Amino acid sequence: MGIAALGLYSQAIILFAALALFTSFIMLAQARMMPLIFTFAWQGLLLAVVSVLTAIASKHPELYVSAALTFTLKVVLIPWLLYRLSIKLNMQYDAEAIEHPTLLLLGGVALVIFSYFVAQSIIHLSGLATRNTIAVSIAIELLGMLLMCVRKSAVAQVIGFMSMESGIFFAAVVSTYGMPLIVELGVAFDILVAAILFGVFFFHLKDSFGSLNVGQFNRLSEANQPMPLRDAAGEPSPGDPS
Amino acid sequence: MTLTLLEVTLLVPLLGGLLLAIVGHRPIAGWINVAVGAVTFGAALAMALEVFEHGPQLSPSRMFYIDAFNVYLVVLTAFVGLTTSIFSRPYMRHEVERGRVTDRRLRLYHSMYQCFLFSMLLALSTNNLGVLWVAMELATLTTVLLVSLYRTPEAIEAAWKYFILCGVGIAQALFGTVLIYFAAESKLGGERDDTLLWTVLHGIAGGGLDPAVITLAFVFLLVGYGTKVGLVPLHNWLPDAHSEGPTPMSAVLSGLLLNVALYALVRVKMLVDASLHTNLAGHLMMGFGLLSFTVAGLFLHRQHDVKRMFSYSSIEHMGLITFGFGMGGPLATFGALLHMTVHSLTKSAIFITVGHACQLAGTQRIDQIRGLIRTQPAIGWGLLLGTVAIAGFPPFGVFISEFLLLMATMKAWPWLTIPLLVGFGVAFAGLFRHVQRMVFGEPPPGQKPVAANMLPVVVHLFLVLWLGLAIPGFLSRWFEQATVLISGASPL
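Chains as they are written, first to last, in my numbering: chain A, 823 to 1064; chain B, 5 to 496.
Just so you know, not all the hints are guaranteed correct.
[Unchecked claim] Cut-off 35 Å, straight-line C-alpha distance, at most; resulting in silico cross-link-like pairs (DSBU-like, lysine-lysine):
1) K974(A) with K165(B)
2) K881(A) with K191(B)
3) K910(A) with K165(B)
[Unchecked claim] Calculated from the model, a selection of chain B residues having no Cβ within reach of chain A, i.e. all distances over 10 Å:
4) W137
5) P243
6) Q485
[To be verified] Far from chain B by the CB rule (all over 12 Å, computed), these chain A residues:
7) A827
8) L828
9) L837
10) A840
11) I848
12) L867
13) Y886
14) Q914
15) Y915
16) A932
17) I956
18) A993
19) F1011
20) N1040
No lab work stands behind these hints, which were simulated from the structure alone.
Since the structure is predicted, the reported quantities are computational estimates derived from the model, not experimental observations.
Cβ coordinates follow ideal geometry from the N, Cα and C atoms, glycine included.
Sequences are here, hints too, so could you generate the full structure?
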């Protein structure tokens, strides 16, 4: 079935889903912190738009709740939180070196193809207008995971994590018109708490390591045992709030 | 009646957590923690008796479902939660005296301890696969700040690793849950709101959920919940989180959280088995289980941190239990259920003893902990007996469950008894080459006894010994009911 044969809403849904996938690739290649956060917000907005379009096209009003949750969390709260923290920790101009960008993007392409391959075996179940987007949602999830794997900065890892969650949320919207309300609310609550905890961790990381680069983590790897002698009795760490 | 008891079991830790968020730094907080644990345990026990007499119970809203399988884990969770809180009171007071924990962090610790217990009890008792996921994620969120409680660089690194790895892992489980929902919805139609309820899913699973979707879902769920079980190669967070956090946390993480994650996996496996009619899920679990069992046993040998060593031992035992559930069949399932119980009891007892031993020696390094039995015989003997029990010596309960699992393996997969036996030997050697020196060596000069409450350890080890000598009739009938639920046949 050609694209032109689909209804207007279906075409719009596919268009916006494709754009959301595109933002995943932008995030993969974006080395600077601020644009990375903004791109993440854009992706959230696109996914929220797809949810609204799906709600209209399929006459499932409960999807408006999903859209509202996505919008509140992924477009407003989490980007705002990350933005504020970046300024507070004075790292708004930070950029990290991305190793092998070409290879990375080709890997991303491979993941998209793989997602279509995986989705192939399950989309026959779905008579929904949005079934093409199942593959896109899997791809967004996997690309988020790839982002987490290749980046060393804590902010980028958090964004990869949240992008993964977006992908899964999106999968629920396009494959089943959303999960039961209590589950959606529970998941949203968990994500919100996770976002706040990540914020707390940024301060701890900055205090302990002087930066948010988690690539320097090496104290606990098996290869480094035995660890340098340390006294478990320790002193209370400096900068204790109370 | 049962349902009010369930509500008590869930609400008491939640409200206790809120209360402790306000008063958690007062000297009395340790006692409040114990009291909350005691009430929870009492309610859980009463509920278990109720289920034992009247069979599975479904709450009117169908949000909660209690059957023989989860009720015994609820009791176990409440029990270990209680005994660990008894241990945590003097332990945390000692940490405050040493200046490692401030008032604010003590409040955080007490509050999160109860919230963590709440999230596990919720995960066990809920009937909704989505809520199960939410509760599992909540369990991560409540413990992540406890792992970093001491704010050392190591603790921060461990907590970050725990957060990220478990977060990514558990996200896969959410995707698996979405896929199960997808399969069920295309079967039941989209206009219902009960499609994710386990009872509904289990009812229709035999009628054939789409095999392709269910297979895919199981792979995602195995990776997701498997990360929290600590299956190799997804285990990296586990030794770090266990070794860097406060010891009561290690005891509940190791003794309870891993069980709850495995419980989630087994619930899903029951669905998958019913709808696939093949043993695909079982084979995957056997593979991952055996790999974890072997690799963790080898890693025991090269540990230098005592808590790290025992967390590898946890991975090893969880691998064995996963292997047992994967093998299926009544005997293996019975053995796995029993092993879950005795491992929980023994491992939390060991962590409690290790916590005291570390305070005694002032370090967690194995080569600096010496002569425990001379400085403080209670701790020395506790560690020695605990290790003897966990290594699978008769007459302790771990021996019985490992023996049952070996028997089941010998019947179904005779060749696999060889790696199992070798694994037992390797793990035994790995534990004893370290523990023997810690217990019997020459104590360093100036080593003094510490205030220790060995009651939880004595109770746990006594229970494990009892289970090894004779499993009480009601308990074996209970395990049998759970075995029938999971494997469809009785072992007896």
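Unmet hints by their number, sorted upward, for this structure: Hints 4, 5, 17, 18, 19, 20 not satisfied by this model.
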